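Please build the complete structure, drawing on both the sequences and the hints.
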Amino acid sequence: MRKARLAVVYVQIRLSFAFLLCMNSALPISRRDALKTAACGFGSLAFSSLATAASLPAGLHHTPRAKRVIFLFMHGGPSQVDTFDYKPMLQKMDGKKLPFAPAKNLDPSSTSQAKLLGSPWKFQQHGEAGLWGSDLFPEVSKRLDDLCVIRSMQSKGQSHGQAVCMIHTGADNFVRPSIGSWISYGLGTENADLPAFVSISPPATHGGPRNYGSAFLPAAHQGTTVGRAGKLGKDATFRFLESGGDVNQQLRKMDLLQAMNREHFERTRHAPVEGMIQSMELAFRMQSEAPGVMDIENEPDHIKALYGIGDAVTDNYGRQCLLARRFAESGVRFIQVSTPNVWDQHSNLVAGHTKNAAAVDRPIAGLLADLKQRGLLEDTLVVWGGEFGRTPIVQGANGRDHNPQGFSMWLAGGGVKAGIAYGETDDFGYYAVKDKVHMHDLHATILHLLGIDHLRLTYRYAGRDFRLTDVYGEVVKGIFA
Amino acid sequence: MRSLISLSLLLAFAAADSSAADGVAFFENSVRPLLVKHCYECHSQQGKVKGGLLLDRKEGWQIGGDAGPALVPGKPAKSLLMHSVRYEDEDLQMPPKSKLPPEDIRVLEQWIAMGAPDPRVESLAAASTKKTIDFKAARQGWAFRPLQKTTPPVVKKQDWPRKELDTFILAELEAKKLTPAPDADRLTLMRRLSYDLTGLPPDEAQASHKTYESYVDHLLSSPQFGEKWGRYWLDLARYADSNGGDRNYTFYQAWRYRNYVIDAFNHDKPYYEFIREQIAGDLMPAKTPEQRRSQMIASSFLALGPKMLTERDKEKLHLDTVDEQIDTIGRAFFGLTVGCARCHDHKFDPFSQQDYYALAGFFRSTEVVMGTRNGCVNVASWVEQALPQPEPAFAELKQKVARLELAMRLKVERDFMETVAGKKALTKLPLAGVIYDEASAELVGDWKQSSLSAKRFGDFYIHNDKKDRGTKKAVFRGALPETGIYEVRIAYPAKGNCDKRVPITVEAFDGVHEILFDQTKKPSISGLFEPIGRFHFEKGGRVNVIVGTQGTKDYVIVDAVQFISEKDIERESTALAMANGSSTGDPLLLMDNAALTKELDKQVNALKDAELAMAPRDARDAGDIHLRIRGEVNQLGPKVPRSFPSVLHTGQAPTIASGSSGRLQLASWMTSAENALLDRVIVNRLWAQLFGRGIVGTVDNFGVQGEKPTHPALLDHLAAKFRASGGSFKALIREMVLSRTYQLAAEAKSPRTIADPENRLFGRRSYRRLTAEEIRDSLLFLTGELKLEQAAATALTYGEDLDKPMKFDKELRRSIYLPVARNNLAPELEIFDAANPEMVSGDRPLTTVPTQALYLLNSTFLQKQGATLAQQAYAQADPVTWLHETILGRAPSATAAKRANDFINSASGDREKALADLAHVLLASTEFLFLE
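Residue numbers (this note's numbering), protein chains in the order written: chain E, 2 to 482; chain H, 23 to 954.
I should point out that these hints are in silico values taken from the structure, not numbers from a laboratory. Quick caveat, the model's predicted, so the values are computed rather than measured. There's no promise every hint is true.
[Stated by the list, open to error] Straight-line distance between alpha carbons at most 27 Å, and here's what the computed BS3-like set of lysine-lysine pairs gives:
id, chain 1, residue 1, chain 2, residue 2
1, H, LYS517, E, LYS435
2, H, LYS70, E, LYS478
3, E, LYS98, H, LYS477
4, H, LYS488, E, LYS97
5, H, LYS179, H, LYS771
6, E, LYS98, H, LYS488
7, E, LYS97, H, LYS771
8, H, LYS488, E, LYS254
9, H, LYS179, H, LYS119
10, E, LYS97, H, LYS489
11, H, LYS336, E, LYS157
12, H, LYS121, E, LYS93
13, E, LYS435, H, LYS72
14, E, LYS98, H, LYS72
15, E, LYS478, H, LYS935
16, E, LYS98, H, LYS935
[What the hints assert, rightly or not] Stretch-level coverage of chain H by chain E, calculated; a stretch enters the list once three of its residues show a Cβ under 8 Å from a Cβ in chain E:
id, segment
17, 115-121
18, 318-325
19, 348-362
20, 566-578
21, 863-873
22, 947-954
Heads up, the beta-carbon is just placed ideally off N, CA and C, and yes, glycines get one too.
Here's what the structure looks like:
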C-alpha cells in the first residue's frame with residue numbers, strides 16, 4: 002500500500018524536478034559551488050550527472066573493466082595458511098622451529114618460541130585450474146575457478162587499528178579518505194537516487210567511521226551506512242530515511258517548503274540556497290527509491306536459500322551479501338560488506354576460524370553465483386580479505402598472531418583473470434617473496450580496473466595534492482584478464 | 023653455509039682480480055645487464071631516483087643515496103646492496119617485488135668481492151637536480167616579512183568610512199570603479215551581530231532598545247561570546263573528547279581545556295599568553311595555584327590529537343605524535359604546512375627537512391604518550407597529571423595515580439607470565455621484566471633438552487650432558503626497552519650434580535663482566551631465579567648473556583635469563599613482602615587477575631573525574647633528535663639542534679638547558695614580535711569569520727600554494743593594531759563589527775555581484791549558512807529550552823571509549839558542551855559540517871548533501887521543536903505572523919502570509935497539527951538556515 006502511494010508521489014516529484022532542471026540551467030553557478038553542492042563526481046557537474054543518471058561514465062582516465070566494487074571485509078584477519086595458501090612444508094614441519102627469524106614487533110612470547118603450526122584443515126585442488134583451497138571454505142572453494150587469488154599480499158600495521166585503516170584508506174597513521182570515497186569522488190554516482198558508496202555494517206572500532214569517511218574530500222563522498230559492526234538488523238536503513246508521517250502530508254509540506262525556498266533564492270541568488278533546493282528533491286526521491294532497494298523480502302525463496310538466508314548460521318551475512326547485490330544492480334559504485342571483528346584467533350584457531358568461515362562461506366559463494374547468473378560478475382569486481390593474515394608460527398597453545406608480512410586476498414569478476422593464483426609466500430606462508438602485492442598496489446589496481454589512474458586521482462588539501470596511494474602503488478597488470 | 027660460499031668466492035677472485043680488464047669485462051657481461059634489468063627503473067637518471075640512489079654510474083653507488091654508500095668494494099658482507107638483495111631486513115628488500123634469483127645474487131657478490139670494478143664515469147652532479155631553499159629571498163615574501171608600516175589610503179567618498187579599515191576597503195572598490203552596497207536594515211543587522219558574536223538569535227528585548235554600539239558591547243561581554251568564539255578555536259585545536267585513531271578511548275579530562283578556551287575568550291586573555299600557555303603551560307611559573315591549574319590545562323592542547331595507541335614500534339608512535347603536533351601548530355598558528363617537511367624539504371614552501379627536525383626536537387622531548395592502557399601491553403596511554411590542590415588532597419591523588427599505574431603494570435605482567443611461565447610462578451614472581459627462554463638462545467654444541475625438574479621456566483630446560491666441556495655455550499642476545507640499571511637473573515633447577523663454577527659472561531654497556539656461578543644453590547626467587555648482578559644497559563645497546571662450560575666438572579643447566587629494572591625491583595620487593603603477609607601494603611598487589619581487573623575498572627571510574635589534566639611534561643630523554651631519512655623512523659640522519667624555522671628566525675639557535683624540552687623558549691619565540699606571521703594569521707582568521715572570506719582566502723595556508731592577500735596593507739594594518747593592543751580579541755572584533763563594511767547589505771544582483779562574484783573586495787555582505795552548532799542551539803533557544811549555564815565534564819557517562827552511538831535528545835545545553843567523539847560526532851552536528859576533530863579546521867567546508875535534507879524533513883528533533891513552537895503560537899492572536907517573527911526574525915510578506923494561511927486552512931487534520939507542520943517547514947527553510 003505504502004509503495005503504491007510512494008510511486009504516485011515519485012511521478013509528481015519527477016515532474017517538478019524536471020521543471021527545476023530547466024530553471025537551474027539558466028542560473029550562474031561557479032564550478033566550486035557545483036562541486037560542493039551535489040553528490041556527483043568531480044568529472045561531471047551537478048546537473049549533467051543528474052540528467053544523465055542512466056548512462057554510465059566511460060571511466061575517468063581510460064576504459065574501465067569494472068563498473069563497481071563489492072568488498073567483502075573479513076575484520077580481524079583470517080589466516081592465509083588455513084584457507085588459500087597451501088604450504089606442504091608447513092604441514093611437514095608442524096611443531097618444529099621456524100628456520101629463519103620471525104617478524105619484528107610481534108608478541109615476544111610467540112616469536113621467542115617461533116614454532117610452526119601446521120594447518121588443521123585439509124587442502125585439495127579444485128576445479129579445472131586446480132587451485133588449492135582448504136575445507137574451511139568448502140563452498141567458496143568450489144568456485145575457485147572464478148577467483149584470482151593473490152597470495153603475496155603485504156600491508157602496513159602490525160596492530161588492527163593501523164592495518165584496518167590501511168586497507169580502507171591507504172594510511173596506517175593519518176586521517177585519509179577511504180577508498181570508497183575516492184571512487185565516489187572520481188566516478189560519481191550511477192544512480193542519482195542512491196549514494197555512490199554504501200558500507201553495510203561497517204566496523205565500529207579500529208578507526209570506525211574513518212574507514213568509510215571522506216576526510217578532506219567533500220562530505221558528499223563519505224560512505225552511507227546501513228547496519229553496524231558486522232550486524233545488519235532486520236529493519237536497518239539509511240539514517241533519517243524514515244519519514245514516519247503521512248506521505249501526502251509530507252508532500253504538502255514539501256510544496257510549501259520548496260515554494261519558500263525558491264522565493265528565498267529569487268531574493269538572494271545565493272548558490273548554496275539553490276543547492277539546498279535540489280538536495281531536498283534528491284532526498285525525497287531517495288526516500289522513495291532506497292527502501293525498495295533495501296527490501297530483500299520480495300526476493301524469491303531459491304535466491305534467499307542460495308545466500309543461506311533463513312539458516313541461523315548464515316542468515317546475517319547472507320542478508321548483507323544479498324543487499325550488496327541489490328545495491329550493485331541499482332548502480333551503487335562501491336559496496337562494502339563487513340563481518341564483525343571476529344577473525345582474530347590469537348588462540349583457539351580451530352574453533353574460531355571454523356565458526357567464522359561457516360557464517361560467510363555459503364553467503365559469499367551464493368553472491369558469486371548470483372552475480373554470475375545475472376551477468377553482473379563481468380563488470381563487478383569482488384574483493385575478499387582481511388586487514389592482514391596470520392602467522393604460520395603458533396601463538397600461545399593454539400593460536401596465530403597478526404601477519405601483514407604475507408597473506409592472501411582474492412578478487413573475482415571485473416576484468417581480472419579467473420582461476421589463477423598470483424604471487425607467492427615463502428615455504429611456510431610467512432613472508433611474501435614473489436610478485437609482492439602491497440596494499441597500495443591493490444588500491445592502485447582496483448582504481449585501474451574502474452578506469453582510474455591512481456596517480457591522477459588527486460585532491461588538493463592543505464597545500465598538497467593527496468591521492469589514495471600516497472607516493473606508492475603499482476598497478477598489478479599480471480592479473481588482468 | 024653462507025660464509026663458506028663467500029670464502030670460496032673470495033679465493034676465486036683473488037686470482038681474477040689480477041687483471042683490471044677482466045674486472046671490466048665481468049662488469050659489462052654480467053653486472054651491467056643485471057643492474058639495467060632489475061635496478062634502473064627506480065635508480066637511474068632515466069627512471070626514478072628512489073631513496074636518492076643512482077645505480078647508473080659509479081659515483082652513484084660510491085656516494086650512495088639517503089642511506090649512504092651502497093657498497094663497500096671488496097666487502098660484500100658489509101655492503102648495503104648485498105644486505106638488501108638478500109632480503110635480510112624486512113624494511114629494506116630490493117628489488118622490492120620479488121627476490122633476485124640466487125645466481126644473480128652471486129654475481130653481485132662476486133663483483134663486490136672483486137672490488138666492484140666499474141668503468142662508468144658520469145658524475146653524480148650531472149644527475150643532481152636537488153634545489154636548495156633560498157631563505158633570504160623567502161623572508162621577503164608578503165607572509166614572512168616584518169609588518170609593513172601602513173597609512174590609510176586616500177579615498178574619494180570621505181564620508182563613507184567609519185573606521186580606518188573601511189578606507190582600505192573603499193580605496194580598492196574605488197580603484198575598480200565600484201561603490202559599496204547600501205547599509206543593511208536594523209533587524210538584519212541585529213540578527214547578524216547576535217549570531218556572529220554569540221552564535222544565537224537576538225534576544226528581542228535586549229536588541230530593540232539598544233543602540234548598535236551598545237548592543238555590540240552587550241554581546242561582547244555576555245558569556246555566550248566565549249562559547250561562540252571558543253568553538254572556533256576548538257576547530258583549530260582539533261579538540262575532541264576521545265582519541266579516535268585506532269582506539270577511541272575517552273579523554274575524560276579534555277573538557278577542562280574546552281572550558282579554559284571559553285574562559286580565555288570571555289576574559290579576553292591576550293593572544294600571546296594564550297599561545298604560550300598552550301605550548302608550554304606545564305612549564306611556566308605561576309603566581310597562584312589557580313594560575314598553575316589553568317596553565318597546565320592549557321598545555322593539554324599538545325595532547326589532544328588522535329594517536330595510534332596500538333602502534334608497536336614505540337619510537338614511530340612518538341614521532342607520529344610529534345608530527346601531528348607540528349602539523350597542528352604549523353597550520354593553526356602559522357598557516358603553514360610544516361608537516362610536509364617530515365620526509366623531504368617542503369616541495370613549495372621555504373621549509374627544509376632540517377627545519378622540521380629542529381622543531382620536532384622540542385616535541386620529541388615532550389612526553390605525551392606513555393605506558394600502557396587497559397592492561398594491554400600493546401596499547402599505549404597518555405600522560406595525565408594531577409592538578410594543584412590543597413596539599414592533603416593533592417598528595418592523596420598523586421598516590422592514587424601512582425598506585426593505579428603500578429596495578430595496571432602488574433596486570434600486564436601477570437597476563438604475560440600466565441601465558442609463558444604457567445600459574446606456578448605467578449604469586450611469587452609478580453613482575454616479569456624481560457625474560458628470554460632457553461629456546462631463544464643461540465646454542466654452540468649439542469645441548470640436551472629436559473623437563474625432569476618441575477622447577478623450570480617454560481616447558482623445558484637444557485643441559486650440557488657433561489660432554490664437550492669448554493666448547494659448548496648458550497648465548498642470549500637481548501634487547502631492552504629502556505636505558506638503565508637492570509638486575510640479571512638466571513633460572514635453573516638446582517641439583518646436587520650441577521656445577522659449582524659455571525662461567526657466565528654479561529656484556530653490558532658498562533663493560534664485560536665475568537662471573538662464576540654455583541648451580542647447586544637453590545635459586546632465591548620463587549625457587550626459580552637467582553640474581554647474578556646489576557648492570558647498566560643502554561636501549562639499543564649490547565645486552566648479551568653467555569652461559570659457558572669451560573672449566574666445569576658437573577652439569578651446566580640453561581633455562582632462562584631475566585632482566586629486571588631497578589625501579590621494578592623496588593616494586594617487586596613490596597609485592598613479595600605483601601605476598602608473604604609480612605607487610606600492611608597495598609591489597610591490590612595480592613589480588614588475582616580477575617579481581618584485579620574488576621578493581622582496576624573501579625579505580626579508573628573513580629579517577630576519571632579526578633582533578634587531573636591531560637598535560638604533557640618534559641621527557642626524561644629530552645634532547646636534540648636525529649633527522650629521519652625519508653621520514654623513516656629507523657633511518658637516522660644527522661642530529662639536528664633544536665631551533666626555529668629558518669624562514670622566520672635569523673638569529674642563533676636557542677640555548678636549552680640539558681634535560682629540558684625547550685618548549686618555554688619555543689613558546690616565547692613563537693609569540694615574539696619577530697614573528698609577524700602569527701599576527702597575520704590570527705587577524706585574517708577573525709576577519710574571515712566576520713566577513714565570510716579571509717583577506718587571505720586560504721586561512722590555513724599562507725604558503726605558496728595558498729592564495730595571496732586581496733588587501734595586503736589592510737592585513738598588516740590590522741596585525742599591527744592587534745600587536746599594539748597586546749593581542750586583544752575583543753578589541754579587534756569590536757573594531758571590525760563597528761566598521762561600515764561589516765554593516766553592509768547582502769545583494770542578489772548589482773554591479774558588484776557582476777564585477778566581483780566572489781566578493782573579494784568586500785563591497786557587500788556575503789550570505790552565510792548557520793553553523794551546525796548555531797542550528798541546534800537556535801532550535802533549542804526558540805522554544806525556550808536552551809540551558810545557558812556552562813557545563814563541566816560531559817563525556818563521563820559514555821564509558822571507556824566513545825565508539826557507541828550517543829543520544830543527545832535530553833541534553834539541553836549549548837552544542838559546544840556535547841562530547842566530541844572522534845569518528846562518532848553527534849549526527850545533527852556532523853551533517854551540517856561540524857569541524858572534523860581529527861584535523862585543524864580553520865575554514866569548515868560548506869556542503870549540501872541529501873542527508874541534510876533528509877534530516878530536515880524527517881528528524882524527530884525538528885518536528886518536536888516545531889510542535890512546541892506551534893503550542894506557543896496557538897495562544898497568539900496571529901499565530902502565523904508570530905511563528906514567522908519568532909523563527910525567521912521578521913514578519914511575513916503578504917504573499918508569504920497568504921501561502922502559510924492557505925496551508926493551514928487546507929489541512930485535513932486539526933489546526934494545531936497544521937501549525938506544527940508550518941513551524942517545522944519554517945525551521946527547515948533556507949531562510950532560517952541562511953544569515954544575511
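Each hint, compared with the structure:
no.: 1; hint: H:LYS517 x E:LYS435; verdict: violated, 52 Å
no.: 2; hint: H:LYS70 x E:LYS478; verdict: holds, 20 Å
no.: 3; hint: E:LYS98 x H:LYS477; verdict: holds, 24 Å
no.: 4; hint: H:LYS488 x E:LYS97; verdict: holds, 26 Å
no.: 5; hint: H:LYS179 x H:LYS771; verdict: holds, 23 Å
no.: 6; hint: E:LYS98 x H:LYS488; verdict: holds, 25 Å
no.: 7; hint: E:LYS97 x H:LYS771; verdict: violated, 81 Å
no.: 8; hint: H:LYS488 x E:LYS254; verdict: violated, 95 Å
no.: 9; hint: H:LYS179 x H:LYS119; verdict: violated, 71 Å
no.: 10; hint: E:LYS97 x H:LYS489; verdict: holds, 25 Å
no.: 11; hint: H:LYS336 x E:LYS157; verdict: holds, 15 Å
no.: 12; hint: H:LYS121 x E:LYS93; verdict: holds, 25 Å
no.: 13; hint: E:LYS435 x H:LYS72; verdict: holds, 21 Å
no.: 14; hint: E:LYS98 x H:LYS72; verdict: violated, 37 Å
no.: 15; hint: E:LYS478 x H:LYS935; verdict: violated, 63 Å
no.: 16; hint: E:LYS98 x H:LYS935; verdict: violated, 76 Å
no.: 17; hint: 115-121; verdict: holds (count 4)
no.: 18; hint: 318-325; verdict: violated (count 0)
no.: 19; hint: 348-362; verdict: holds (count 3)
no.: 20; hint: 566-578; verdict: violated (count 0)
no.: 21; hint: 863-873; verdict: holds (count 7)
no.: 22; hint: 947-954; verdict: holds (count 6)
Figure legend: structure checked against the earlier numbered hints; hints not met, in rising order: 1, 7, 8, 9, 14, 15, 16, 18 and 20.
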